[in-house]
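Participant: With the sequences and hints as input, model every part of the structure.
Chains as they are written, first to last, in my numbering: chain R, 1 to 185; chain W, 1001 to 1165.
Be aware that one or more of the hints could be misleading.
As the list claims (entries may be wrong) - In silico DMTMM-like links for lysine to aspartate or glutamate, alpha-carbon gap of 20 Å or less: (1) W:K1151 <-> R:D35; (2) W:K1151 <-> R:D170; (3) W:K1039 <-> W:D1144.
To be verified - These stretches of chain R come out as covered by chain W in the derived footprint (C-beta under 8 Å, 3 or more residues): (4) 47–60; (5) 74–88; (6) 172–180.
Please keep in mind that the hints were generated in silico from the structure rather than gathered at the bench. We put the CB at the ideal spot given by N, CA and C, even for glycine.
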Amino acid sequence: MIRSEILQEIAPILRNQLVICNIGIPSQELHAIDDQPTNFYMLGTMGLASSIGLGLALVQPKPVVVIDGDGSILTNLGTLPTIANNPAPNYILLVIDNGSYGSTGDQPTYTGRKTSLAGMAKAAGCERVVECRAEDTGTVLQEALQAGKATVIICKCESGNAKMPVITMDPVTIRDRFMQAVAAD
Amino acid sequence: MNIHQRITGDLVAAGIGFVTTVPCKQLAGVIEEVDRHPKILHVPSNKEDEGMGLCAGAWMGGRRSAIIMQNTALGVTINTLATLIQFYRMPLPMLISYRGEPGEPVACQVEMAVHTKALLAQLHIPAYHFHRQEDVEELPKILDYTFMCSKPVAILTDASFWGGY
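Facilitator: Put into structure tokens, the structure is as follows:
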């Protein structure tokens, strides 16, 4: 399975959750599959999805699902100790680990070689870390939503992208409708 | 009330309830106060761009946020300021220790000091510069201004402001 197939499968679970989605093709895919006001699409700033999601989870009670990638986690590795030491029970970091920089032409990342993101998350102090196969992502995500404990999911999948249009929505519109969704009852 | 308590009090009075910090020797006192204050959630970050991500998330969650950092961090955060904070139009007060001014004992600090104001100007980030301790009187208005216009705003604080090196 590739990322877009996973997103397609978990879209019904994500639909009612606050989602912070990683820059580039992941956001384009999620936007094309199931655009929701509860989705915050990153149009730039590689690496910060997990941090934005953590800030959001720490100040309000609704669950927050971050859809991140192995390349983006590697560029902001300091995020893992911050997540571990400031646990938000409503925080789920779902790393779609396809071992490649998908948005830039599928160049390999080190997680396809010797580096284990699950191992790094555990070493950083994250207590609930689940590594899963792409096929099990939906089940693992549901369990995380019910766990009531900060969870890092490392979903191992194949490299590849679906061809989806660039998001042309204005960033202030994305942000404003997202904030209204956050504040809604 | 010392300067650290005063600044922390001003942050809280401006409605700020989430602060992230990356330490600097000059900022040690205010970071300690921020950490101690019951109305502020203090989340130390490992790098300033990470911190700005945390602030963006907290603000979208309904909590006003701020970052406390050293001026060298401007070199780390240019992309985040342009593509996250400015692009999505988010308010972000940045309390910045301005290392590398007269009195500075570490030559390398001057290397980023000479770029600090130029980078802020290039990014069209409003910047205020506190030299003396009484300059802190401007802080409440600067904070209000930041949330009024939804922009990143820099408050540069010299070593002389904090009482010297």
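Participant: All hints are to be evaluated individually against the structure, with a verdict given for each.
Facilitator: Hints versus structure:
no. : hint                : in the structure
1   : W:K1151 <-> R:D35   : violated, 27 Å
2   : W:K1151 <-> R:D170  : holds, 17 Å
3   : W:K1039 <-> W:D1144 : holds, 18 Å
4   : 47–60               : holds (count 14)
5   : 74–88               : holds (count 6)
6   : 172–180             : holds (count 5)
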